[in-house]
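2 protein chains.
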Amino acid sequence: MFEAVELGRKVSKEEYEAALPQLRAGLLEAQFALRETRCPVLVLIHGVEGAGKSELLNQLSQWLDIRGMEFHTFGRHTDEERMRPPWWRFWITLPPRGKGAFYLGSWYTNPILTRVLEGGDASAFEGYLTQIRQFERMLALDGAIILKFWLHLSKKDQRRRLEKLEGDKATRWRVTKEDWRRHEAYDTFVRASETAIRETDTGEAPWYLIEAKNARYRDLTVGQTILEVLQARLQNPPAPPPPSLAHAAAAVPGASVTILDRVDLSQKLEDAAYEKRLKELSETLGRLGRDAYEAKRSAVIVFEGWDAAGKGGAIRRLSAALDARSLQVISVAAPTDEEKARHYLWRFWRHIPRSGHITIYDRSWYGRLMVERVEGFARPDEWGRSYAEINDFEQHLVDHGIALVKFFLHISPDEQLARFKERETVPYKRHKITQEDWRNREKWPAYETAINEMVARTSTAHAPWNIIPGNDKRFARVQVLETLVAALKRTLG
Amino acid sequence: MFEAVELGRKVSKEEYEAALPQLRAGLLEAQFALRETRCPVLVLIHGVEGAGKSELLNQLSQWLDIRGMEFHTFGRHTDEERMRPPWWRFWITLPPRGKGAFYLGSWYTNPILTRVLEGGDASAFEGYLTQIRQFERMLALDGAIILKFWLHLSKKDQRRRLEKLEGDKATRWRVTKEDWRRHEAYDTFVRASETAIRETDTGEAPWYLIEAKNARYRDLTVGQTILEVLQARLQNPPAPPPPSLAHAAAAVPGASVTILDRVDLSQKLEDAAYEKRLKELSETLGRLGRDAYEAKRSAVIVFEGWDAAGKGGAIRRLSAALDARSLQVISVAAPTDEEKARHYLWRFWRHIPRSGHITIYDRSWYGRLMVERVEGFARPDEWGRSYAEINDFEQHLVDHGIALVKFFLHISPDEQLARFKERETVPYKRHKITQEDWRNREKWPAYETAINEMVARTSTAHAPWNIIPGNDKRFARVQVLETLVAALKRTLG
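Quick note, the sequences are listed as chains L and D, same order. Everything in the first sequence is counted per the numbering used here, starting at 181 for the first residue and increasing by one. Everything in the second sequence is counted per the numbering used here, starting at 181 for the first residue and increasing by one.
One chain only, chain L, in its complex shape (with noise of 0.2 Å):
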């Protein structure tokens, strides 16, 4: 693969002055245009030691209008991301819509250093590589114009280039053991290297391998590869992929049986039962919440269910019970501005708890599935595809050992209905009642089906749903207890 990069292509001084001053407005303009668009856009920078990585970023940020750009650089992990699954570090630093990050090192970086310098192995590099492929999918059919640069040099190069900033006073800092380290192990960096493009090089996402022995070569290489990928985009915007196969809900008799029907939504507890019960299972869950926090175990928790279904006091009775200092409750209304200009995701990525903490969602990432697909916020593509993305999500948690609790809040329209009122008719709970929660209401069926559709992709043996009886408040907040004990348990062994 290597070979290609290695023919000695070069830029003469006269040739690189002349080319400049039309890179560099195209560049200005497309990232201007660029702006107007749902892009974000990536550019990873990689390569071998030496072939000057930090010269092209600073390059291009001299071509480029730095007010719209973000710089990353990834070394290994800081305490904050130790405390996180691995993924989260990169995903709080997905630039906005219509705007650029660079990134120097990224995701590719620990999996490739790992593999090469620990001797990591061959099968967990495979699986990473799998990740990395979701991932940048991910995030490409979300509109991201995914850029990845190679910077080679041949090990000869290397030496040479080592040798030279060694040799010269106002570099030889720059040369560390490390670099020497590195470059005894070019021959299996490279290999590794191979093996990391060769499987992550996608339509959607594709690498780009640069001859870097020229420097004038490998910038003015780079600047047209990023003009030339936007001026495309911006010419031909792709359309949006076909929505999934799978949403044919067979026009079948007996088809509008849900999983829904299926709770037993007469079950009750008497207050007496209830106190008791409450009291036992609020000082268990204390200690709980203290063992985890010493563990440094974490927990996610999820309530979703039907508007009045009695989300807010279950989560009450929740929060009542664990220590406010290490519990962070996150309520999902529509996404601010800055959640609108990244994949849906983002917005609860940025919340995910450090070791030892627990966020529960009211309302979550399901909205997707919910609320977006009945009211066609989100075109059939776009919440066809959540599913993958959702199960790969509470992967991540779930393998981080992140406790996940999935509890979905299910009454009767009829039951709904005698709550609606008494809303609008107590004064204190008039404020919880809107024209769209009755609007909500008409649309009961449409939600029945995306719940059942929900439940039967994302109810999984890692992270099951929860559905718990609702008609009797009593009963419900006493199960979510139950429940949320049951998990904390297996999770703490």
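There could be a bad hint or two in this list.
All copies of an identical chain are treated as equivalent in the list; a pair is satisfied when it fits inside any one copy or across any two copies.
[To be verified] Below, in silico cross-link-like pairs of lysine to any residue (SDA-like), each with a Cα-Cα straight-line distance of 20 Å or less:
#1 Lys-233 x Ala-430
#2 Lys-456 x Asp-579
#3 Lys-193 x Ala-430
#4 Lys-344 x Ala-666
#5 Lys-520 x Val-554
#6 Lys-335 x Ser-639
#7 Lys-601 x Gln-615
#8 Lys-476 x Trp-268
#9 Lys-279 x Arg-317
#10 Lys-190 x Leu-440
#11 Lys-193 x Pro-433
#12 Lys-335 x Arg-442
#13 Lys-456 x Glu-628
#14 Lys-476 x Glu-261
#15 Lys-456 x Met-550
#16 Lys-190 x Ala-430
#17 Lys-233 x Asn-290
#18 Lys-190 x Pro-625
#19 Lys-336 x Asn-238
#20 Lys-190 x Arg-442
#21 Lys-623 x Ser-639
#22 Lys-448 x Gly-227
#23 Lys-335 x Thr-640
To be clear, the hints were calculated from the coordinates, so they are not data collected in a lab.
Got chain L sorted already, so can you dock chain D onto it with the hints?
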């Protein structure tokens, strides 16, 4: 996941009879309309034991015009199958465009059974699921409609069904010890199946979970789903995906230097030295061929190169040295109708040699990246995704232990001109030159660019390109033989 298909959905006899006429008419009509499209249809039927997979298949074969359909069942490997890479047996069953194939068992069968019954390794399982996703995605991008049905029964219902079959004299023979053994493994089986389904449930090749307790509901739902998907696809054929972002060959000075410019075409071999080396190498090759046959190692040898670069002569020298009984030379010209009706790699998979045999491809799948690209026979999105498809294909060969050796015979434009002229004047060579050869010659620079990109993206550690300087035929032939001898020695250890 499976809780959503334990709902007790059923269809009464009357409802069934009422729905049937429209369903059957619709299916026949869709099947007929499908023939005019470029879409092959693959229907996979899987599920737990006792869920009625064969009954369903019988039912579907009555509803459809059986002349347009193929039926495939997959059990354990046959001897013929074991002698080729694992995916070979699926490739050769792929239906032509406009027609359909039903799979009772498929590429999912062995991975799941290995995982469940033989305690297969989790990371091998994950790796296999990744291969499946790539395989299905490749077919879908090529136009295939892939529908995967999973028939579900609860453990209790499975037991009841097995007991019922056993209790009836007429059906007792159908229940085997193996069935009961699998019933015992129900929970493990369902868990592994859930993982497989979740990780391969994509928009382009979705899974449909079907509640199988009520046979009428099961059959009607599958039939109706097939109908609805076909109708949707016939009404809205998806637009071709956008071309890869990767093919912006940056317009930069120096970029016209290609890997071919680095080949030293002045290398020569004198007659006497040539005859001596040819004799030695032929003998060695013959011996290695026999060793490989006995060790059951096969080889795939690819010849590409400019017109008149000497492929034919080199191949003749090879085949003279090898045992004709274990050798097959495939001359790749324009595809046949049967080949055109399938994914372009199908015609190459067909000829993958059995263990111990050797296949020489005189031109190959790389036509996709040269003539089809340059002449526009393939769309940019089509040849653009071929790099990854070809790398995957070759990985399958190499993983199976096949020695894969790829040659590109390079000559200068002047040398080609001289050879063309010779062909025109020498009577017995006149058939070897056509107007097309002259036309191809005019596109030399476009081919150079394509070849450079081809080598950059498909010369991998496991399947490197060997670029052979061909201006001197003797030098080229000897170098081909030397390369091949070295490769066979490596393969035989």
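Evaluated hints:
{"no.": "1", "hint": "Lys-233 x Ala-430", "verdict": "between (54 Å within a copy, 19 Å between copies)"}
{"no.": "2", "hint": "Lys-456 x Asp-579", "verdict": "neither (36 Å within a copy, 63 Å between copies)"}
{"no.": "3", "hint": "Lys-193 x Ala-430", "verdict": "between (66 Å within a copy, 18 Å between copies)"}
{"no.": "4", "hint": "Lys-344 x Ala-666", "verdict": "neither (63 Å within a copy, 38 Å between copies)"}
{"no.": "5", "hint": "Lys-520 x Val-554", "verdict": "within (19 Å within a copy, 42 Å between copies)"}
{"no.": "6", "hint": "Lys-335 x Ser-639", "verdict": "between (51 Å within a copy, 18 Å between copies)"}
{"no.": "7", "hint": "Lys-601 x Gln-615", "verdict": "within (12 Å within a copy, 85 Å between copies)"}
{"no.": "8", "hint": "Lys-476 x Trp-268", "verdict": "within (17 Å within a copy, 49 Å between copies)"}
{"no.": "9", "hint": "Lys-279 x Arg-317", "verdict": "within (19 Å within a copy, 30 Å between copies)"}
{"no.": "10", "hint": "Lys-190 x Leu-440", "verdict": "between (67 Å within a copy, 16 Å between copies)"}
{"no.": "11", "hint": "Lys-193 x Pro-433", "verdict": "between (75 Å within a copy, 11 Å between copies)"}
{"no.": "12", "hint": "Lys-335 x Arg-442", "verdict": "between (66 Å within a copy, 18 Å between copies)"}
{"no.": "13", "hint": "Lys-456 x Glu-628", "verdict": "neither (34 Å within a copy, 81 Å between copies)"}
{"no.": "14", "hint": "Lys-476 x Glu-261", "verdict": "within (14 Å within a copy, 51 Å between copies)"}
{"no.": "15", "hint": "Lys-456 x Met-550", "verdict": "neither (36 Å within a copy, 77 Å between copies)"}
{"no.": "16", "hint": "Lys-190 x Ala-430", "verdict": "between (61 Å within a copy, 13 Å between copies)"}
{"no.": "17", "hint": "Lys-233 x Asn-290", "verdict": "within (17 Å within a copy, 46 Å between copies)"}
{"no.": "18", "hint": "Lys-190 x Pro-625", "verdict": "between (66 Å within a copy, 19 Å between copies)"}
{"no.": "19", "hint": "Lys-336 x Asn-238", "verdict": "neither (25 Å within a copy, 67 Å between copies)"}
{"no.": "20", "hint": "Lys-190 x Arg-442", "verdict": "between (71 Å within a copy, 14 Å between copies)"}
{"no.": "21", "hint": "Lys-623 x Ser-639", "verdict": "neither (23 Å within a copy, 56 Å between copies)"}
{"no.": "22", "hint": "Lys-448 x Gly-227", "verdict": "neither (64 Å within a copy, 37 Å between copies)"}
{"no.": "23", "hint": "Lys-335 x Thr-640", "verdict": "between (48 Å within a copy, 18 Å between copies)"}
Checked against the numbered hints listed earlier, the structure breaks hints 2, 4, 13, 15, 19, 21 and 22; every other hint is satisfied.
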